[in-house]
Amino acid sequence: MAEAGVDGVLGHLNPAQREAVLTGASHNLILAGAGTGKTTTIVARVRHLLRQGVPPERILAITFTRRAAAEIRSRVQGDLAGASSSVAAMTFHGWAMREVRGAPDVFGYEGWSVLDAEDQLQVMRGVLGRGKRVEGLKAAQIVDLLSFAHNTRRTLAAAIQAKLPDLDVDPKAIGAAVRAYEQRKTERKYLTYDDILRVFAARLADDAVAAWVGSHYDEILIDEMQDTNPLQWQIIDPLVPHTRFYCVGDDAQSIYGFRGADFASIHSFSDRVPGARVLKLEDNYRSTQEILDLSNWLLAESPLGYDKKLRAVRGKGAKPELHSFETPQDEAGFIAAEMMRAHRDELPWATHLVLVRTNWSGRAIEARLVENDIPYVFFGGVKLLESAHVRDVLSALRVVANPDDEVAWMRLLTLVPRVGDVTAARAFDSFLTARGDGASAREARGLALAGMPAWLKAGLDAIEQAAARVDDAVGRAAAMLQPVLAHKYRNENWDARARDLVHVERLAASRASILEFLEEYILSPVFTSELEPESQQDHVIVSTVHSAKGLERDWAFCAGISAGSYPSARSLGDVDELEEERRVLYVALTRARDRLVMTRTAAHTPVRAWVGSGGAAAGFVEDAYFFNTLPERLVEEVPHVVARPARPAPPPGLSAPAEVDLSIDLGDLD
DNA sequence: ATCTGTGTATTTTTT
DNA sequence: ATACACAGAT
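1 is the number of the first residue of the first sequence in the working numbering; add one for each residue after it.
Take every hint as true, because none was put in to throw you off.
List time: in silico DSBU-like cross-link candidates among lysine-lysine, alpha-carbon distance up to 35 Å:
(1) Lys189 - Lys138
(2) Lys189 - Lys488
(3) Lys185 - Lys163
(4) Lys319 - Lys308
(5) Lys172 - Lys138
(6) Lys132 - Lys163
(7) Lys383 - Lys163
(8) Lys185 - Lys172
(9) Lys163 - Lys189
(10) Lys185 - Lys383
(11) Lys189 - Lys132
(12) Lys185 - Lys457
(13) Lys138 - Lys163
(14) Lys309 - Lys319
(15) Lys457 - Lys189
(16) Lys383 - Lys132
(17) Lys280 - Lys309
(18) Lys309 - Lys163
With beta-carbon atoms standing in for the labels, derived distance ranges:
(19) Glu632 - Glu57: 51 to 59 Å
(20) Leu432 - Asp307: 55 to 63 Å
(21) Arg506 - Pro483: 21 to 29 Å
(22) Leu432 - Met340: 53 to 61 Å
Hint data in this document are derived by calculation from the structure and do not stem from the laboratory. For every residue, glycine included, the Cβ atom is placed at its ideal position computed from N, Cα and C.
Whenever a hint applies, use it, and build me the whole structure from the sequences.
In structure tokens form, the structure reads like this:
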């Protein structure tokens, strides 16, 4: 079948999807509700373009995560020949970095390294010095604030207004701290996640650059368009005249407001992108009608008016279940028990998806799965490059790849026995001084390490020798640090950690350089659990709702659907955040195909909250819990609360008020 | 003065 | 799982 007919690409699509795939408009927005075949449509569109003769390298698909990118790549590939493998699928950050790295003459920043969240905090802490606070704000809060400002393209002052309206802080002091942080980043040649997008966006403001970048692609497809923020729009806008955009999204699934996404921006798409055509997909192929009835009800309760009613092509099924428990342990136990029961009935583990609101709440479930030997993969847990031992090893690679990388130097040096921050800072200082006097990075390293054990200098030289083979370099770093790490983690799972280091080495194979390797995995992180052997076999998926975009399973367990969690207590007081919580729950509910099991604890605690900050929408919400008004007909309620048998009353003769002498007998103190 | 070890607190959500 | 504070060791 060298020549797949039109039907080969389009045969399984409904008329609306077919229309969306074949559209000839130069720019398109596909509004695709949950389960309406969003990925199917994107994949079919790519295959359609390929069939039309568009070379694969002229198509770019922007996705939200590494996993989504991999999914699109493999589905595009499908039964087509190998050529399609060169269709690029990556995240916004991955794309920006690729453009920047691919044309240093245009963008600059050669040799700068990318900081992940943890390292940004380290830099900020270093700037704040002793007390590690400014105006009562911790380093993490200032970094968040700054990132919010960048992503929403606000000034720092405006971001303080928006994020901390009730706090009495001096914006000048925060401004000074931010300036110092920026200066430190420049000195050390650091780029943050936001900087990557900002460098790209800033150069695209030059129309010649935009025209050149746009000319690389016939079409750019963007998935999860509703989560695009103003900073990302700053990249899209200048490219509109120079390429085609094919965007897919759903306003009801916008759950990244905290990162600056504004779900309403999707509504103004056709104003923003002249000549754009807007198409809608409304037929849901995923779930039964009962699951959609509940989801539709949840949205209809919102004051925002989503104008969305999903129709189930599959028809009727079982009612969603709502189980109430006394404790989270009971809740986790029930979920595990249900899955084991299903497994005895020959249902594979892969039938199940467990959705949690926070990483933290996932741990309780995880513990139960481990206890019962249920194979699982946790999306949302610790990422490989975030774990302490991996960072330790990578710090050695980093000082070789970017000698100015202070954070890495400090981490590496303090691993040496008898070296703490004071000694480490002194060594780094002498390194900087030697560099300032014109020494090469290697000479300066030798001077700075004069008082250190010989293995450190020898190890770094060896890593430098091996730098062209990144996996070798990782292996040498791990070998060099093996003794100190084995000691440092002797009581903290050293064996498992050592296995991670082997994974890192494997991932590093075939990378062109240390910086490229680090960048790739900082920009699209891998969860440690994805590398475990379980992930190769039949397994349950546990995921935060945010990491569950695009996932679906026959059964979905939504845990912690309790008052105080939906909406989360932290979101009370802000209508926008409250409504975002509603969408988070909506995304969770719509993951289920056949059976939706919601579990909760302490369902009867009322949560009172002041909503709004003085505007017209402000008011006192008596009981802020989405399921307070849930109509009975939509779910099957199952209480698991064990009725405690009432304690028998004491016989009447025993009920006289008694007093006990509570003083101590002093005895003979002479 | 500096480092190491222990106990306690703390976590929305992610690139 | 890690950050921070503090006490004790060298």
